[in-house]
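Student: The residues making up each chain are set out below.
Protein chains: 2
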Amino acid sequence: MTVPASPARDTFALTREKFSLPEGVRYFDGNSLGPLPKAVQMQAYITTTHEWGDGLIRSWRSAKWNTLPQRVGDAIGRLIGAAAGQVVACDSTSVNLFKVLTAALRLRADRKVILTDASSFPTDLYIAEQVARLCGAEILNLPVSEFPKFLNDRVAAVLLCHVDYRSAEVYDLARLTRAAHRAGALMVCDLSHSAGAIPCNLDESEVDFAVGCGYKYLNGGPGAPAFLYAAKRHHTDCEQPLTGWFGHAAPFEFTPSYAPAPGIERFLCGTNQVIALSLLNRSLEVFDGISIEEIRTRSLELTEQFISSAENRLAPHGFVVASPKDSNVRGSHVSLRHPQGYAIMQELSRRGVIGDFRMPDFMRFGFAPLFNTADEVEYLVDQIDQIMTTRAWDNPDYEQRRAFT
Amino acid sequence: MTVPASPARDTFALTREKFSLPEGVRYFDGNSLGPLPKAVQMQAYITTTHEWGDGLIRSWRSAKWNTLPQRVGDAIGRLIGAAAGQVVACDSTSVNLFKVLTAALRLRADRKVILTDASSFPTDLYIAEQVARLCGAEILNLPVSEFPKFLNDRVAAVLLCHVDYRSAEVYDLARLTRAAHRAGALMVCDLSHSAGAIPCNLDESEVDFAVGCGYKYLNGGPGAPAFLYAAKRHHTDCEQPLTGWFGHAAPFEFTPSYAPAPGIERFLCGTNQVIALSLLNRSLEVFDGISIEEIRTRSLELTEQFISSAENRLAPHGFVVASPKDSNVRGSHVSLRHPQGYAIMQELSRRGVIGDFRMPDFMRFGFAPLFNTADEVEYLVDQIDQIMTTRAWDNPDYEQRRAFT
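So the protein sequences, as listed, match chains A and B. According to our numbering, the first sequence is numbered sequentially starting from 2. According to our numbering, the second sequence is numbered sequentially starting from 2.
These are computed hints drawn from the structure, not numbers from a lab. Among these hints, one or two may not hold up.
Identical chains blur together in the list; that is why a pair holds if it fits in one copy or across any two.
[Stated by the list, open to error] 25 Å max Cα-Cα, derived SDA-like pairs, lysine to any residue:
id, residue 1, residue 2
1, 39, 383
2, 113, 240
3, 65, 27
4, 233, 47
5, 19, 183
From just these sequences and the hints, can you work out the full model?
Tutor: In structure tokens, the structure reads:
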């Protein structure tokens with residue numbers, strides 16, 4: 002008897018077809034670098050050969066290069082629960098974090114504390130330290146679970162990573178935002194490991210500012226532009242510090258003093274990264290017609306399948322599941338810990354199975370709902386099991402250096 | 002009698018062949034957006050389809066994505082007189098200016114003045130104002146000619162645009178840097194309108210920091226990454242404020258505190274813009290085997306020819322040459338002023354002749370040594386002459402709005 006495929010499976014079989022995935026590779030690193038959507042290949046040709054080559058400077062208008070950050074921003078907004086006009090795609094996540102965190106401190110000028118959990122992503126802390134230094138503020142560094150207890154009238158902003166980059170734990174953005182607001186603080190959120198995989202509900206949760214990455218679940222390509230969200234209610238009053246001409250109300254008037262654009266455009270800085278934005282714009286079409294809730298459902302199917310198999314078949318080899326088993330608080334990747342994690346990842350890679358590794362012993366596997374399949378999940382567990390059974394990882398030739406990415 | 006072509010002409014006939022220039026277009030806007038080098042079309046395919054599509058995350062090492070900012074930086078360094086290891090390509094000009102200007106103020110922490118000429122490029126001033134605000138400094142805004150007189154022990158840094166974006170006047174970087182240093186101040190320079198067209202001699206002139214644009218004479222494509230120069234002598238001590246993970250000594254150790262990379266890499270911030278950097282890297286090959294001095298010679302031939310023709314044939318129509326006639330202080334574009342400048346530029350564009358327009362009445366024509374020809378210069382003057390003679394510009398249909406770029 003043939004079991005009919007569920008509508009969801011059909012949907013994701015179709016989205017998988019939209020990616021160019023190399024033969025013989027099983028890719029579990031869409032959480033670090035999303036794969037190439039086929040349509041992007043053609044877009045690279047269109048943007049370089051036609052728009053740039055033939056259109057030259059005229060394409061700023063004719064090919065709408067001038068509105069790319071806003072158009073791409075709105076497309077991302079749909080995935081993170083932001084109504085139009087509140088997201089731009091530009092710069093890097095770090096640069097955008099610098100902008101919004103400084104803007105938040107300026108909105109709460111009488112408060113001098115940034116509350117964050119440095120362990121959730123140290124890179125964000127590096128930026129926060131500079132913002133604190135330049136704004137005369139200080140960092141209060143605590144586990145997220147302690148945040149509500151330490152929220153008081155000295156806290157200007159909470160800086161939260163929505164998903165922990167190692168464990169995949171998802172924090173409750175709505176609840177923490179309410180807690181921040183009750184104390185008069187603003188919520189600044191890094192969605193790098195959730196945008197495109199998990200509902201973020203920014204508007205509904207009344208998050209104040211957010212940033213995130215374009216090259217993970219959004220599949221924008223290596224080093225793709227990042228994005229930045231600022232709730233509409235803050236647009237008029239907030240001042241960001243990277244006041245390049247594209248954030249100006251009238252960039253080509255060349256007025257001697259800066260006047261910020263009225264809307265979200267005030268968060269732009271330098272000239273639009275046209276080529277990279279065009280590719281990201283095209284990449285996002287893979288999400289057309291699918292809701293973020295459907296994506297979340299699919300993601301949980303895959304991570305549950307992996308955790309269940311790993312507990313049955315890999316725990317005996319000494320693997321520990323380091324991600325939450327409660328699907329309500331688990332993101333779209335699963336980390337296993339194992340003392341030989343690095344060598345095992347190397348052997349997996351030799352077999353065409355790609356995940357990534359994070360210090361000291363986290364083997365991270367991303368399950369990207371748009372292209373990963375149940376068969377791939379089983380294949381992954383089979384391979385790890387085989388490697389451990391044959392001790393293939395125990396190869397003295399493996400370089401014991403750290404993975405780059 | 003056939004006059005043999007000069008070696009220089011042969012050189013530049015060959016470089017012109019390296020660009021994909023549309024049929025029927027004469028392009029005098031390489032100073033705003035350089036045209037498409039043919040090799041970039043293939044590179045777009047290689048980077049997207051092979052490196053990203055097939056290599057996926059592995060290409061960070063196998064395709065050397067991890068060293069792109071440094072490799073592209075060194076290639077630009079050759080054009081601006083910087084020895085290897087002092088230039089990185091990353092972010093935008095505005096973001097890079099924010100980094101180096103803040104770093105300069107921190108190196109002169111006891112001084113609180115940024116000396117600049119706001120009229121030379123207002124966008125740089127917008128950034129300088131934010132740096133001043135965040136560092137507790139102030140801006141002293143004067144014409145460049147007044148700089149030496151106002152250099153004193155309160156000035157931390159001089160911020161200078163090497164070439165005026167409207168008039169094309171070139172300032173004497175070596176002389177002004179000496180003056181700054183005599184007063185104990187640092188020189189921060191914007192090379193957007195000189196890099197790739199005019200010798201900058203950064204090392205020889207002992208400039209401290211510089212930034213510049215990747216999409217003008219460097220032909221990196223719309224919104225290409227910018228570059229940043231920091232003299233080696235400052236690397237150990239200087240601290241820039243945008244401390245993203247790619248500027249960290251060991252980005253993938255995820256240490257809780259920031260430790261800057263020992264060399265120029267400390268000026269990186271977010272993840273390398275891989276695709277855009279790959280294209281810029283390929284674009285720069287057009288400069289292979291040519292010295293910046295040869296390029297300068299060719300540039301002056303073209304601008305002299307244009308000025309001479311314009312004075313003979315266009316001055317009677319009311320055009321004023323707004324660029325220096327002294328070739329020692331003239332960059333690679335020439336501006337004409339005319340009260341109907343905007344309408345005339347529109348009519349030129351209709352005829353396939355592309356320059357650009359800057360408020361209030363500057364008609365800018367860039368003469369890019371790598372592809373513009375003497376025949377094109379004559380064609381340009383012919384067309385303007387025809388337009389004025391037939392009053393073709395006096396067309397009420399033309400929208401009197403400002404040019405975007």
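Student: Run every hint past the structure and note whether it holds.
Tutor: Here is what the structure says about each hint:
no.: 1; hint: 39 x 383; verdict: neither (29 Å within a copy, 47 Å between copies)
no.: 2; hint: 113 x 240; verdict: both (17 Å within a copy, 22 Å between copies)
no.: 3; hint: 65 x 27; verdict: between (37 Å within a copy, 22 Å between copies)
no.: 4; hint: 233 x 47; verdict: neither (34 Å within a copy, 41 Å between copies)
no.: 5; hint: 19 x 183; verdict: neither (45 Å within a copy, 62 Å between copies)
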